[in-house]
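Participant: So the chains spell out like this:
There are 2 protein chains.
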Amino acid sequence: MKPVKVGLLGLGTVGSGTLNVLTRNAEEIARRAGREIRISHAAAKHYDPTGLLGLDQVEVCDDAFAVVENPEVDIVVELIGGYSPARELVLKAIENGKHVVTANKALIAIHGNEIFAAAREKGVTVAFEAAVAGGIPIIKALREGLSANRIEWVAGIINGTGNFILTEMLAGRDFDDVLAEAQALGYAEADPTFDVEGIDAAHKLTIIASIAFGIPLQFDRTYTEGISKIESQDVSYAGELGYRIKHLGITKRTDAGIELRVHPTLIPERRLIANVDGVMNAVLVKGDAVGPTLYYGAGAGSEPTASAVVADIVDIARALTCDPENRVPHLAFQPDEMADLPILDMEQVETAYYLRMQVEDQPGVMARIATVLADAGISIEAIKQKEPEQGEGRLPLVMLTHRVLEKQMNSAIAEIEALASVNGQVTRIRVEPLAG
Amino acid sequence: MKPVKVGLLGLGTVGSGTLNVLTRNAEEIARRAGREIRISHAAAKHYDPTGLLGLDQVEVCDDAFAVVENPEVDIVVELIGGYSPARELVLKAIENGKHVVTANKALIAIHGNEIFAAAREKGVTVAFEAAVAGGIPIIKALREGLSANRIEWVAGIINGTGNFILTEMLAGRDFDDVLAEAQALGYAEADPTFDVEGIDAAHKLTIIASIAFGIPLQFDRTYTEGISKIESQDVSYAGELGYRIKHLGITKRTDAGIELRVHPTLIPERRLIANVDGVMNAVLVKGDAVGPTLYYGAGAGSEPTASAVVADIVDIARALTCDPENRVPHLAFQPDEMADLPILDMEQVETAYYLRMQVEDQPGVMARIATVLADAGISIEAIKQKEPEQGEGRLPLVMLTHRVLEKQMNSAIAEIEALASVNGQVTRIRVEPLAG
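Chains A and B are the protein sequences, given in the same order.
1 is the number of the first residue of the first sequence in my numbering; add one for each residue after it.
1 is the number of the first residue of the second sequence in my numbering; add one for each residue after it.
No lab work stands behind these hints, which were simulated from the structure alone.
There's no promise every hint is true.
Because identical chains share one entry, a pair is satisfied inside a single copy or across any pair of copies.
Stated by the list, open to error - 25 Å max Cα-Cα, derived SDA-like pairs, lysine to any residue:
# : residue 1 : residue 2
1 : 122       : 320
2 : 122       : 324
3 : 5         : 327
4 : 2         : 150
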């Protein structure tokens, strides 16, 4: 069979990894795919040829549109990132009847509905395994491996930078200190907003939710809260209570609609996912038939991400002559079978809570706080009064509550913050059992 | 589109689960598959209709061959188990041009090469996701999700009964005691040989190795050692050394050939897989590009296994009109691209070891043992002399060694057992770091 020719847009971290993996494992991959897969063309404005394998076989230019227009190219691999010109390039590739593979989570989360509609029109595939959780084949697991199930919820550690920071904070280090190290190590960007404020995780969660529940991509409906307000004392108090704090993307089907939320979360420390450390990612999926399943691996990096990119290329190569209707639908469900389930506002979401506040060291304080919570119908599961800090006559009060609507918790917290014996703001972190 | 008609052979645990999942989630599954999937026929000698959903839509008979011969049936699902008549039924289904889904690990491990050759001849698919690790989509992950990788090794907890027993032994309970409970709970058969002696795990490992490395199925070359000789003191000493004992199936590519072995294994307790407890399964895969990835979930049970069976049915339904050459190869690699790599004898395998022996409580014993090991070129990593038991003048000596060829360890152990100051046999458990 004729080799499949791939046009690579971008020779950065993931682009280099893709070239290297396809070159180094060419034989192994051809033995699987039944045909040779070769990067014939690549576009990059600037790149460092050091360490790149098989570059002599590739026609490199600096015009990505030239690759997309090249009739020799069967599959376009978009690894430029960002919205523009990535969107225009992908749409042009589709228009030219080429299949597309992308690792671009932002592009899929924001422009996926448009892109998949165009791809459907032209009968081509747009594959994006690498956009979620790097090398972990979670898109394939959700879309194909668990296709028997009504998915109940998915919870994932889907941002390695955030997980690295929280893991290091377990040793008592401060957020700012660890962030600086993450930047020095290259785990975090100079502007870390996308990672630490949860936007990157929200992009990925948007994609996961769509595939899990058969709903359109709705990034703008995702509740997003980062980890920049987590203090090392919260990590340590959570530990004393038997929990770990992880930055999770959570999407859940309820009778009222779909929950779609990214925020720091206390998880019981015995759960496997609570023990996923450093830059590693993990996604926990609860299906009605299979129960809980977990997928763990590297969520970023050159070759792990390339692993997902190349798997998508192999899938496309294998199904190149299939009827488009016989291919797996982009978003797992047939495009005319997408459901119009409402996405819940955060106020409609019910979780348990960890609360921490600074209170005056005097009698009756705990009773007043407990009364506010009781009046709001919120049950307390555990309460811990810590030693006063710096002999100030104030002390930290930490508690765990039972499940309650966010809306009710918001009012209760407002009332607690208004109490004279409570200083400053109440820190609130949601708690999830993540039980099978 | 016309519904896909499924003929179900067997209405036992997994058969009932398959019927129930396909009935309960019919709409969700059709939204994914793009067509209705319906169990139209079933064969069962005896079955209990209690709790079976949608049975009124199914034509049930007691002759499995009648279902296999029925021209209305598109896909035959074999859930009878055992070698015969499962083999004859599957071969007849293939001969009749039907696709086959099976959960039968023994059948695939022993007769897979014959079955896949026949399927290839007729251009049909034989799918077997449910044969390995129940509901975990590990076959799909290895065969498709990681297709970019040169797989280095796979290590899995792939027998839930064995893992349940070892988990309970962590609490200090004895093997026999826990086995009796596992039998009462229905986790273990009245004859537990397949589970506790590792044969079931060896069937699954045979399949994993074939898919990981592109080699023919070679069950008879798998080294198989069960957990029936593990004592609760070993579980507890391992814990003191920072390890957990798990019953693993391990297959690894080395320069000399492929390792294929099932045995109890000490794993560092911080590894996620060391914390997979109870009847749950997990498979850790090391790929050269992606690094380590882990897949966790229920390895057995009615609906978890049905989840895998139905996923296979959906895959087949989606690709029903595809060219057979465009489908994913049964064993991941194209049939004419299988490699003839040698399977190593256990004596050629190199691992680290945990050793426990009963020694006389007198000076010089430890020196004599250390000398035997030193003369055999075996380095000791840690050594612990325990308190004497029952004031007998004998005491347990526990040690960890560095990596050494099994052949060398065998001679060293024979020499140690011949020492007058060592009583009885040396207990030996292999140690694997399972590091990424």
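Participant: Now tell me, hint by hint, if it's right for this structure.
Facilitator: Hints, verified against the model:
1. In this assembly of identical chains, residue 122 and residue 320 lie within 25 Å of each other by CA distance both inside one copy and across copies; the values are 14 Å within and 21 Å between.
2. For a Cα distance limit of 25 Å, the shortest separation of residue 122 from residue 324 qualifies both inside one copy, at 9 Å, and across copies, at 24 Å.
3. Taking the shortest alpha-carbon separations for residue 5 and residue 327, both the intra-copy value of 20 Å and the inter-copy value of 20 Å come in at or below 25 Å.
4. Only between protomers do residue 2 and residue 150 lie at most 25 Å apart by alpha-carbon distance; the minimum there is 23 Å, versus 40 Å within a single protomer.
Consistency note: the structure conflicts with none of the earlier hints.
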